[in-house]
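All chains should be modelled from the sequences, with the hints used to inform the complete structure.
Heads up: the protein sequence lines correspond to chains F and D, in order. Everything in the first sequence is counted per our numbering, starting at 1 for the first residue and increasing by one. Everything in the second sequence is counted per our numbering, starting at 1001 for the first residue and increasing by one.
Among the hints, a few may not be true.
If the Cβ cut is set under 8 Å, some of the chain F residues that face chain D in the computed set are [as the list claims (entries may be wrong)]:
1. Phe9
2. Thr43
3. Ala74
4. Tyr93
5. Thr100
6. Val103
7. Ala104
8. Met111
Since the hints were derived computationally from the structure, they do not count as laboratory data. Even for Gly, the Cβ is constructed at its ideal location relative to N, Cα and C.
Below, each chain spelled out in residue letters.
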Amino acid sequence: MPGVETFVFYGLAALIVAGAAGVAFSRNILHAAFLLLLTLSGTAGLYFFLGADFVGVAQILIYVGGILVLLLFAVLLTNRIGDVRMSNRNVGYATTIPVTLLVASFLVTAMALAAWPHTTPVAAPTTARLGDAFLREYLLPFELVSLVLLMALVGAMVVARRAVRDRGDADEGALPVAPASSSVGGAP
Amino acid sequence: MTSPLATLAAAPTLAAIGLGHFLVLSAVMFTLGLITAATRRSAVAILMGVELILNAAALNFVAFSHYSHGAITGQVFAVFVVVLAAAEATVALAIVLAVFRGFRTVDVADVNTLKG
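Below, the structure is given as structure tokens:
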């Protein structure tokens, strides 16, 4: 009797690998963004599988609910979806595949040679212990991360509305959109 | 209840899910993220590859945490990875929008001047 955990692990692993392969090789960037959903959800499922309940919920809330929606907005705002050349164009498989295979073989060799300790896994809710660790042992990194988040928030707003403010200062005219693409190749 | 899938999973090498299973899965995810980040030309797609790589690292952290006498440190670092990935994605997508406003493209091969 293989046990239900074997089926759960291989099901989630198949979900993750299928999604990641879709992200890597899909011809359409919008499909790639939606396939990323499979990978992120499968990873959240593996976190629950490993007993990391808080990390799993954080994965769903932040990655699936936040980052993925942000990525979809970026795809829809910046890509001309119908334009295949713009949508997705792969370069350099001839050099990328050997290099990545080299990296993968290095990783697998390293983890096959290393002497991992064989300990029995502990399955227990960890949210309370995680909160204790954050407020005692890891208090300084915790506060620093909150500072980083605040700065990222402010910085993202400043960067995203920079063009609007520059146009007001430089008095370049009343164009409702940014300077046209004629300035792309015009730099000396 | 003797489907071919069950007999396949009952093979001795597949029976027990251990640390090695998670490490191999994480290596596969890392490699696919590397391929994505290296071959795509759209800046948003490159960001997707980076997210795959970060996910692989966080999965490794949680797996090590689970298989080391229930130590909590790996999960702490996984939460840090998720939070920093959120901050990184926010700033990177703001930069992508600013670049798109200047160049009308997010193709990283065409964005070759600092002053759009």
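inquiry  = To test your reading of the hints: which numbers does this structure violate?
reply    = Violated hints: none; all satisfied.
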